[in-house]
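Model the placement of chain X on the given structure of chain E, informed by the hints.
Number of protein chains: 2
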Amino acid sequence: MSYRIAIVGAGAVGCYYGAHLVRAGAEVHFLMRSDLEHVAESGLSIESVSHEDFVVPEVQCHASTEEIGEVDLVVIAIKATHNEVLLELIPPLLGKETCLLTLQNGLGNGEFLAEHFGESRVMGGLCFVCLNRISPGVIKHLGFGLIMMGELCGAATDRTREVGEWFSSSGVACEVVDDLMWASWRKLVWNIPFNGLAILGGGMDVAEILADEDLQILVRQLMLEVIRTAGVLGFEIPESLVEEQVRRTLKMGPYRPSSMVDFTAGREVEVEAIWGEAWRRGEAAGAEVGRLEMMYRLIREKTRSAAV
Amino acid sequence: MSYRIAIVGAGAVGCYYGAHLVRAGAEVHFLMRSDLEHVAESGLSIESVSHEDFVVPEVQCHASTEEIGEVDLVVIAIKATHNEVLLELIPPLLGKETCLLTLQNGLGNGEFLAEHFGESRVMGGLCFVCLNRISPGVIKHLGFGLIMMGELCGAATDRTREVGEWFSSSGVACEVVDDLMWASWRKLVWNIPFNGLAILGGGMDVAEILADEDLQILVRQLMLEVIRTAGVLGFEIPESLVEEQVRRTLKMGPYRPSSMVDFTAGREVEVEAIWGEAWRRGEAAGAEVGRLEMMYRLIREKTRSAAV
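Sequences listed follow chains E and X, in order. For what it's worth, my numbering labels the leading residue of the first sequence as 285, then goes sequentially. For what it's worth, my numbering labels the leading residue of the second sequence as 285, then goes sequentially.
For reference, chain E alone in the conformation it holds in the complex:
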């Protein structure tokens, strides 16, 4: 079966999964900006600490989505802070059945797509992966890789399983889930404390965070607050995930969470998608979100003053 895929947002996430799909023989079109020339010439390189390195020498790069035209699947991997550009980028890609898969961080991205393009098109994938883009077209894979994939609304369907199969057969671990929102909260259990403390600590990696006795305590407390907030919202996550995540993170070494990389590079941080929406939804449901709110407001101030 032949299908066309467009990757919108060719940062670390878009390039990493896109390269796997190309290598598996899929027809993949990348929308690129700054890296276009370099990738068109030299392809994509994936360097990994846990699987074989590989190079995709021939990559179909495009400067506009008009150039790409209709596809079966749009993989969205831009920063959540730039979602408005999707209103212009996506229409040229849409056919009657085109589905939109957001691999973005945090909450609210799928809802944004649903509002503008109809909820039946929208799927989401939560990427549990450590990636850093180290130079144009070169992605460093530092561990993990699982995508939890589901429909924005409702349980998994044949379509979800089919798209999941495209990823699985490209060598990416892909788990199709019946409750995407549950998976989103599960991912926030990690992202909220680690991405947040990495920024508030002035640019710390996860090993530095866990080596600090006070920050390690805050990691656990914030994880617990997120788990309980999710519980109030109806998403049951076992509290044992706290220790499991701490153990897993200790094995990551000096991994730099994506928000921290953005922050130290002076790029916009996904403050609302990661902390703001989680706090607002918890607050509205009556959950105890004092720590989460404090982190959100401190990060807002910090990223705002850094931007000045």
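No wet-lab data here; the hints were simulated from the structure. Honestly, I wouldn't trust all of these hints.
As the list makes no split between identical chains, a pair holds if one copy fits it or if it spans any two.
For lysine-lysine, the following DSS-like pairs were computed, each having C-alpha atoms within a straight-line distance of at most 30 Å [what the hints assert, rightly or not]:
no.	residue 1	residue 2
1	K586	K363
2	K586	K535
3	K471	K586
Chain X only, in chain E's frame:
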């Protein structure tokens, strides 16, 4: 009536109140370190935005407390982080009736003195004052000045009123209180948010803190948490103090809280006296202290990593 006073810790607070006492004719001996020579030669200058400037040209400065000998009152104004030095500094000053008045920030200082020198000697004074030491012997008074003075244990006595009178008659507003611990918590309602956010904001003054919409919200939330924690511990403080303090602080202009001055100068911050003890006492009493604990731990990490 003639009495001898020793000022131990000749920073902004010690010099400001000491200079008033000297001007009023009291026999005041200052223990000094780095500023000794300068102050012995040039005296103390108080520059104020709200009262008349004045100079005390002749100041009795000493390099050791042995040189001072027995006094009626020891005014303690060193940093709370250096309390152990008091174990050596205080004994030469002690007569049978000598009383110890700590003007230090936060919780635990009076208890420390009581433990080592007997609780009957110990008084405390909460200084509601904005002071910055701008150069050796020169103190800038930026507003307020009230001391709330009381016994460490129990209600005010004749002694409390007498010492209070020494300060009052020197031109300092001094209010004798029957519950020093209540006054300490009342002071923390301001110190915890403003000193804390000034540090976490990377060196912000109170005007910058209040101009930031997120930090202004955190100021109010932290004040409320401190007030409620005090309430759980039996110290009733009305919640209306929040708005009163915000209004009062808006009038301070770009005041730099003392902890922030210490932090930006690379000096030790009174982390335990201000945040640590308040959190521990609240936690032990079952109060909701999530924000306070988070602030405490973030400041611990920040001051620790700054010290490296």
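Hint by hint, here is what the structure shows:
no., hint, result
1, K586 <-> K363, "both (19 Å within a copy, 29 Å between copies)"
2, K586 <-> K535, "both (29 Å within a copy, 25 Å between copies)"
3, K471 <-> K586, "both (23 Å within a copy, 27 Å between copies)"
Hint violations for this structure: none, all hints satisfied.
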